[in-house]
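Starting from the known structure of chain A, fit chain B onto it as the hints suggest.
Given next are the chains, with one letter for each unit.
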Amino acid sequence: MAGTIATSPPGVLVSLVVVTLVVVGSFFLLVGTVGLLRLPNVYNRLHATSKATTLGASGIALAAWAYFGPGGAGLKALVTVLFLFLTAPTGGHMISRAAQRMGIEFEDGVNWPGRIDEQPEQPADGSENADD
Amino acid sequence: MTEASALGGVLPLVLQGALVLAALLTLAVGYRVITGPTTPDRVVALDVIATNVVAIAALYAMIEGLGLFLDVALVLAIIGFISTITVARYVTEGDIIE
Numbered sequence: 008m009a010g011t012i013a014t015s016p017p018g019v020l021v022s023l024v025v026v027t028l029v030v031v032g033s034f035f036l037l038v039g040t041v042g043l044l045r046l047p048n049v050y051n052r053l054h055a056t057s058k059a060t061t062l063g064a065s066g067i068a069l070a071a072w073a074y075f076g077p078g079g080a081g082l083k084a085l086v087t088v089l090f091l092f093l094t095a096p097t098g099g100h101m102i103s104r105a106a107q108r109m110g111i112e113f114e115d116g117v118n119w120p121g122r123i124d125e126q127p128e129q130p131a132d133g134s135e136n137a138d139d
Numbered sequence: 014m015t016e017a018s019a020l021g022g023v024l025p026l027v028l029q030g031a032l033v034l035a036a037l038l039t040l041a042v043g044y045r046v047i048t049g050p051t052t053p054d055r056v057v058a059l060d061v062i063a064t065n066v067v068a069i070a071a072l073y074a075m076i077e078g079l080g081l082f083l084d085v086a087l088v089l090a091i092i093g094f095i096s097t098i099t100v101a102r103y104v105t106e107g108d109i110i111e
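Keeping their order, the protein sequence lines are chains A and B.
Read left to right, the first sequence gives residues 8 to 139 (the numbering used here).
Read left to right, the second sequence gives residues 14 to 111 (the numbering used here).
So that you can see chain A by itself, here it is in the shape it has in the complex (with noise of 0.2 Å):
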């Protein structure tokens, strides 16, 4: 087994970009993490979340995939960073449209799109107004 066996500490540049990532992932979860503490409402949060914390852990991820090589263990990495960006917009769109549907208001401004000034009965299910 190639994945249980301690891989050796990597070299000067394997180690800068690996730093990098790290710091830049770091980064993003500590965005999105103080974006879905501070903002107002669900839909925010979640465009807060769903896109700032999805990018750093991918980012650490990718780290990850430099520390282990292309190969073997790596590979896993990768496919996590994979995994990830395929979810990601699934779980928020699946958690915006439970909220809008139990009927949580939008903010003061915040039409349904396509719509002015009438409040949305059902959500869209592939029909014209797709697009949330």
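Be aware that one or more of the hints could be misleading.
If you want the footprint, here are the derived chain B segments under chain A, 3+ residues with CB under 8 Å [unchecked claim]:
(1) 41-47
(2) 52-64
(3) 73-81
(4) 84-97
(5) 100-109
Under 8 Å between C-beta atoms, here's a sample of chain A residues computed to sit facing chain B [to be verified]:
(6) 22
(7) 40
(8) 58
Using C-beta positions, here's what the derived DEER-type ranges look like [as the list claims (entries may be wrong)]:
(9) A:45 with B:99: 24 to 34 Å
(10) B:108 with A:86: 39 to 49 Å
(11) B:50 with A:119: 13 to 23 Å
(12) A:116 with B:44: 24 to 34 Å
(13) B:91 with A:24: 24 to 34 Å
Quick caveat, the hints were computed from the structure, so don't treat them as lab data.
Just so you know, even glycine gets a beta-carbon here, dropped at the ideal spot from N, CA and C.
Same frame as chain A, but now just chain B:
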């Protein structure tokens, strides 16, 4: 850009600092889980906790030099996605599998 000799000690320091930061951020997200005004707030906060734990597992894999913990990160990412979908569906539909 630091020298070649200094970077050998910088890398574990950066990794452990990022691990401590991610752990503290996960604790801070717990505030939103406890005092979220609505249920979707709590679901969003739990999703963020799952993403943070993925980052923590990847950082621990790099600190220990064991690629085994990347399996942990990948499985936790899958479990976080499934739990988010499940709770979001349960909140609106009333059941998960009809």
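message: Of all the hints numbered above, which does this structure not satisfy? Sort the numbers upward.
response: Going through the list in order, the structure violates hints 8, 10 and respects the others.
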